[in-house]
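With UniProt numbering, you'll find the sequence shown wraps up at 324, consecutive numbering, no jumps.
Calculated directly from the structure, the hints in this document are not laboratory data. One or more of the hints may lead you astray.
Claimed, not checked - In silico DSS-like pairs for lysine-lysine, Cα to Cα no more than 25 Å straight-line: (1) Lys309 to Lys196; (2) Lys237 to Lys207; (3) Lys264 to Lys239; (4) Lys207 to Lys196; (5) Lys30 to Lys84; (6) Lys196 to Lys239; (7) Lys207 to Lys235; (8) Lys50 to Lys77; (9) Lys30 to Lys2; (10) Lys153 to Lys207; (11) Lys245 to Lys153; (12) Lys50 to Lys84; (13) Lys196 to Lys237; (14) Lys2 to Lys84; (15) Lys196 to Lys317; (16) Lys3 to Lys84; (17) Lys2 to Lys77; (18) Lys317 to Lys204; (19) Lys237 to Lys248; (20) Lys50 to Lys2; (21) Lys207 to Lys264; (22) Lys207 to Lys248; (23) Lys3 to Lys50; (24) Lys153 to Lys264; (25) Lys207 to Lys317; (26) Lys30 to Lys3; (27) Lys245 to Lys264; (28) Lys248 to Lys196.
Nothing here was measured: the structure is a model prediction, and the numbers come from that model.
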Amino acid sequence: MKKIAVFTSGGDSPGMNACVRAVVRTAIFKGLEVYGIYRGYEGMIEGDIKRMYSYSVSNIIQRGGTVLKSARSMEFKTPEGRKKAYDNLVAHGIEGIVAIGGDGTFTGAKIFQEEFGIPTVGCPGTIDNDIYGTDYTIGFDTAVNTALAAIDKIRDTAAAHDRIFFIEVMGRDAGFIAVDCGIGGGAEFVMVPETKTDLSMVVKSLKNLRKSKSSSIVVVAEGDEEGNAEAIMQKVKEKINDKEKDFKVTTLGHIQRGGSPTAKDRVLGSLCGMAAVEGLLEGRMNCMAGVMNQEIVYTPFGDCIGKEKPLNKEHLKLMEILSI
1 MKKIAVFTSG GDSPGMNACV RAVVRTAIFK GLEVYGIYRG YEGMIEGDIK
51 RMYSYSVSNI IQRGGTVLKS ARSMEFKTPE GRKKAYDNLV AHGIEGIVAI
101 GGDGTFTGAK IFQEEFGIPT VGCPGTIDND IYGTDYTIGF DTAVNTALAA
151 IDKIRDTAAA HDRIFFIEVM GRDAGFIAVD CGIGGGAEFV MVPETKTDLS
201 MVVKSLKNLR KSKSSSIVVV AEGDEEGNAE AIMQKVKEKI NDKEKDFKVT
251 TLGHIQRGGS PTAKDRVLGS LCGMAAVEGL LEGRMNCMAG VMNQEIVYTP
301 FGDCIGKEKP LNKEHLKLME ILSI
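Please take these sequences and the hints and turn them into a complete structure.
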């Protein structure tokens with residue numbers, strides 16, 4: 001193998017740039033030519049591919065987002081689109097790919113490798129931490145700390161005005177961000193997609209909490225089955241039926257995706273990027289490089305996509321204990 005390429009796809013996450021940097025510099029260290037594919041699969045189809053050098057990734061490790069950009073590509077979902085992408089890779093002599101992203105990225109990479117045989121190793125880049133095969137995903141730690149900083153500020157005003165705040169964090173299909181923010185932010189309740197929300201219990205507990213606490217924080221993952229934070233707040237407000245109590249909603253949204261990555265995400269991104277290149281050179285394909293129990297592991301894309309990553313049971317127990 002003489003030439004490889006790297007791209008980022010799906011939602012951006014802090015630490016992606018650290019991963020790109022590690023891929024580029026590891027490849028050069030190993031004597032490979034390395035190319036950057038801009039705008040993910042769409043750039044692969046359009047031939048937006050440029051050779052990268054060590055200086056190409058200077059001064060990016062501290063930056064959020066991704067210098068390679070990201071874009072949705074409906075055309076890559078078609079055989080014709082994937083054939084265009086393959087022809088462009090062949091034209092550049094690219095023999096291996098590092099794909100940084102999440103489920104959608106790995107699904108596309110798996111199909112592409114099976115059709116055209118170009119080895120691909122992935123790196124888990126998503127703030128949701130919902131990918132099987134790694135303890136943490138690149139960007140998760142930064143997203144939690146960003147959300148936590150906001151929750152700390154909201155708690156100040158909640159206490160000042162005796163308010164109940166419903167704070168919505170990202171997590172359409174997974175509650176990892178919500179649980180860690182709930183524990184770290186001292187929330188009274190956390191609502192996540194993985195567990196059924198008992199609104200009657202929430203209402204009863206909030207009424208009882210008023211005897212000892214003047215304000216409360218409820219953290220809601222956007223994918224909770226009862227709805228988003230606004231919908232849940234309205235349901236709870238109607239049941240409590242206290243005109244003197246002030247209810248507020250804050251949706252943190254995409255602020256969680258941005259910002260300078262934490263040290264943990266920079267290190268994780270760098271480790272995964274290095275491991276992806278080494279994996280390609282070892283003949284690995286159709287797998288993801290992750291970190292579990294402080295060791296590099298390679299997990300088949302089929303498992304990354306198909307197996308559910310459960311919430312930490314000890315975290316859930318801790319959340320229940322600390323909320324009283």
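List of violated hint numbers, smallest to largest: 3, 5, 17, 21 and 27
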